[in-house]
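Enquirer: The residues making up each chain are set out below.
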Amino acid sequence: MDVFLWVIVPYLCLAVFAVGHFWRYRYDKFGWTTRSSQLYEDRLLRWGSPLFHFGMLGVVGGHVIGLLVPRSWTAAVGIDDHLYHYIAVIGGLAAGVACVVGMVILIYRRRTVGPVFSATTVMDKVMYAFLFVVIVLGMWNTIAGSIFAIGGEYHYREGVSVWYRSFLAFQPDASLMAEAPPGFRLHAMTAFLLFALWPFTRLVHVFSAPVGYLTRPYIVYRSRDETAYSNRAPRRGWDRISQ
Amino acid sequence: MKVMAQMAMVMNLDKCIGCHTCSVTCKQAWTNRTGTEYVWFNNVETRPGQGYPRTYEDQEEWKGGWELNKRGRLKLKAGGRFRKLATIFSNPKMPSIQDYYEPWTYDYSTLTDAPAQEHTPVARPKSLLSGKDMKVEWSSNWDDNLGGSKATGEHDPMLAKIGDKVKLEFEQTFMFYLPRICEHCLNPSCAASCPSGAIYKRSEDGIVLVDQDRCRGWRMCVSGCPYKKVYFNHRTGKAEKCTFCFPRIEVGLPTVCSETCVGRLRYIGLILYDADKVLAAAATEDEHGLYDAQREVFLDPNDPEIQREAERAGIPRDWVKAAQRSPIYALINRFEVALPLHPEYRTMPMVWYIPPLSPVVDVVRDTGEDAEDKGNLFAAIDALRIPIEYLAELFTAGEVEPVDRVLKKLAAMRSYMRDINMGRDPNGEIPAAVGMSEEEMYDMYRLLAIAKYDERYVIPPAHAEQAHALEEIATECAVSEYGGGQQGPFGEGSGALTPIAVENFQMLQERQTSDTLASPADKAARVNLLNWDGKGSPAGLFPPRPDGPGPVEDTGAPDTSDEGATGPGGTGGLTGGADHR
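Top to bottom, those sequences are chains W and X.
Quick note on the UniProt record's numbering: the first sequence kicks off at 1 and runs consecutively.
Quick note on the UniProt record's numbering: the second sequence kicks off at 1 and runs consecutively.
These aren't lab readings, by the way, just hints derived from the structure by calculation.
All C-beta atoms in this analysis are idealised placements derived from N, C-alpha and C, irrespective of residue type, glycine included.
Some clues are possibly wrong.
[As the list claims (entries may be wrong)] To be clear about the criterion: a stretch of chain W counts as covered by chain X if any three or more of its residues have a C-beta under 8 Å from a C-beta of chain X, and this derived list gives those stretches:
1) 40-46
2) 214-224
[Unchecked claim] Pulled from the structure, derived: some chain X residues nowhere near chain W, Cβ distances all over 10 Å:
3) Ala313
4) Glu389
5) Glu439
[As the list claims (entries may be wrong)] No more than 30 Å apart at the CA atoms, straight line, and that leaves these computed lysine-lysine pairs for DSSO-like:
6) X/Lys93 x X/Lys126
7) X/Lys277 x X/Lys2
8) X/Lys93 x W/Lys125
9) X/Lys132 x W/Lys125
10) X/Lys161 x X/Lys70
11) W/Lys125 x X/Lys126
12) X/Lys70 x X/Lys2
13) X/Lys135 x X/Lys93
14) X/Lys15 x X/Lys452
Just chain W, same shape as in the assembly:
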């Protein structure tokens, strides 16, 4: 069971994530967009969206540090466990609270503002549900696990993080996850399901974060005969004979 949950499912999700993005990009470049609803409504979005997105950037950064940086490395640069814990909880709480508040505003807006709600697809709703659960579980782990130590103290840097690195190195050790508290396990599992869902939702816009804007020239000139930007060959211009 542990192998199924913490080896097979995560790799399946990872595969769907990777192949799904490849397929979506090839098949649906036109649908690859943020699907912004700012045109419909501005006042709630003005607060909700930056809170959520900047909070999310902090959360992702925190995960990168927490999951990918081994304990020995931080110890080597002179950050002891206590200091690390302090930084992680303060930073995690700030980012997490911004993220949750932003998300609540955004979901409230999506449900109550008529035009925004009618522009919401089924996929959006599924995605929102998963995102909400993942984020709430993450907050629970931070607050209940790290601050109040409900259910005993758990050093995720000795458990979940090690498993995650072993997972990325393709030598997964499922027992490490099996020993983790249920909050962490649930959070990791829903997150993996969200990753599997990712390429089929509007979340794909994360991968078009326009960092290239900082370096490219302001005005783009493009020749009419440059066809290279479409990596799909044009479909045939006739219908196959049927019947």
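Chain W is already provided as a structure; the job is to place chain X on it using the hints.
Expert: Chain X in isolation, oriented as in the chain W frame:
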């Protein structure tokens, strides 16, 4: 020197009667889709007026276009690259749908479904965004013909600039129409604002386009364009803008708005310019110098040196020839009667305008004086400061002198040609008074007043040897929803591109073989009378038959295996699908 070619337009405002034919035909051709209900690639504004979207010209509010920083260099008025990325999650300067208008339709079915009652049933307006009842309060040309301008006219940002002098004379109204399309600028701030780099300027003809496959819906172009001519398609989540009808231009046809213009006031032609000088010209310190600076960027296609450079830059010979015949070059640099719209935005716009003389003529005529006499007209131009200053705010960043000069040329032409038309000896003093020769004056008259089709539109087609690049896939196609019409899991319009030829084939086939065009089975649609071709009976269009089992449904559903079966419309001759296979 780097010679480039630009397809440009000039509009002669004296001839515009404000009929909106250009807007309507453009809309039918390009934005007649869900998601673009409020999108007018071409719109006609009554001036004085607020424009569309409301007060878009107030750049202190909207921060569109460029400005000079302290060191005299160009910067985007809404902030540079870092600022753009920092505000990407919520664009602070994006107009809301209320600044345009909330699109609506009418609940027509109540007109036919309502039971017998004392009062006439009414079709209530329903929002196309939320589907709820709404109160119609504004639209794309709500202040048409100065309608309601007593209440709203003072919001015109250009009137505000001339100040309180207007309050007095506004009673003796002057007005004119200003048709607007995308300016296809030499220094487009929409393209510079686009984080994804999806907006590009075509290097062959300078047309500014949005690559629909690259656009990610960051919305910075909408706020970056000072003319507010990039729109956000709220269904596909992508930006769309005027395309200068590039599929038509590529085969030598004028744009739809020009072709259908009733007043024949639009001119299209090529202009050659020096791309190396554009930024320096756009960075001219004095706003009043921008008009002349832009004119100096344009190159004289009759100069052999320029022709050699153009050849070196790979511009085909027939394009240079077309540039020599270009009505645009003649109106801008030979007769010097065309002026740019808002040069102070520093985008180097390429749709120019001949300011209207009619407000002046009207005043002279109303006084009972001879409105075609040069002396009267010149005196009136000098006296009528308000209309002139208003025009100057639009076309020369507030400098009156060039507008004055153009209007005097137009007045002189009127006066000079009157003598000829009345069979009197032409008076050579009249052209001389505005610094023109008699021959030039006649040429200008021919171009402006006779305005022959092939003199108005000098459009060299794209080259046959480049034809492989002209298939639809190389261009862009925002209409892929026509292919199937169903809402995919990723939202409307998602999915692979369908070549336009295939789409047209499928649409035709569907129209001829199915009965459901007016109410597609796969879409929750209202009855759209514009798209209804008289075939079939969409639900809700007709009242139920008294003897029938209820409202006539779409009985001829797309079950094409039932060849030859006629729907209730009895259009048997067209329903056979066999002739398409």
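Enquirer: State for each hint whether it applies.
Expert: Evaluation of the provided hints:
A count of 5 residues in the stretch 40-46 of chain W with a Cβ less than 8 Å from any Cβ of chain X is obtained; the coverage claim is therefore met, three being the minimum. Interface restraint, the stretch 214-224 of chain W with chain X: holds (9 residues with C-beta to C-beta distance below 8 Å; minimum three). Separation of X/Ala313 from chain W is adequate, the least Cβ-Cβ distance of about 13 Å exceeding the 10 Å criterion. Remark: the non-interface label on X/Glu389 is consistent with the geometry, its nearest Cβ contact in chain W lying 33 Å away (cut-off 10 Å).
At roughly 39 Å from the closest C-beta of chain W, the C-beta of X/Glu439 stays outside 10 Å, upholding its exclusion from the interface. Distance hint between X/Lys93 and X/Lys126 is fulfilled; the C-alpha atoms sit about 28 Å from each other, no more than 30 Å. For a cut-off of 30 Å, the pair hint linking X/Lys277 to X/Lys2 stands: about 9 Å separates their Cα positions. The hinted pair formed by X/Lys93 and W/Lys125 meets the criterion: a straight-line CA distance of about 29 Å does not exceed 30 Å.
Of the supplied pair hints, the one linking X/Lys132 and W/Lys125 holds, its CA atoms being roughly 22 Å apart against a limit of 30 Å. Between X/Lys161 and X/Lys70 the alpha-carbon distance is near 24 Å, which keeps this suggested pair within the 30 Å criterion. A threshold of 30 Å between alpha carbons decides the hint, and for W/Lys125 with X/Lys126 the separation of about 26 Å falls inside it, so the pair holds. A threshold of 30 Å between alpha carbons decides the hint, and for X/Lys70 with X/Lys2 the separation of about 29 Å falls inside it, so the pair holds.
For the suggested pair X/Lys135 and X/Lys93, the alpha carbons sit about 26 Å apart, so the restraint of at most 30 Å is met. For the hint pairing X/Lys15 with X/Lys452, the CA-to-CA distance comes to about 14 Å; that is within 30 Å, so the pair holds.
Hint compliance for this structure: no hint is broken.
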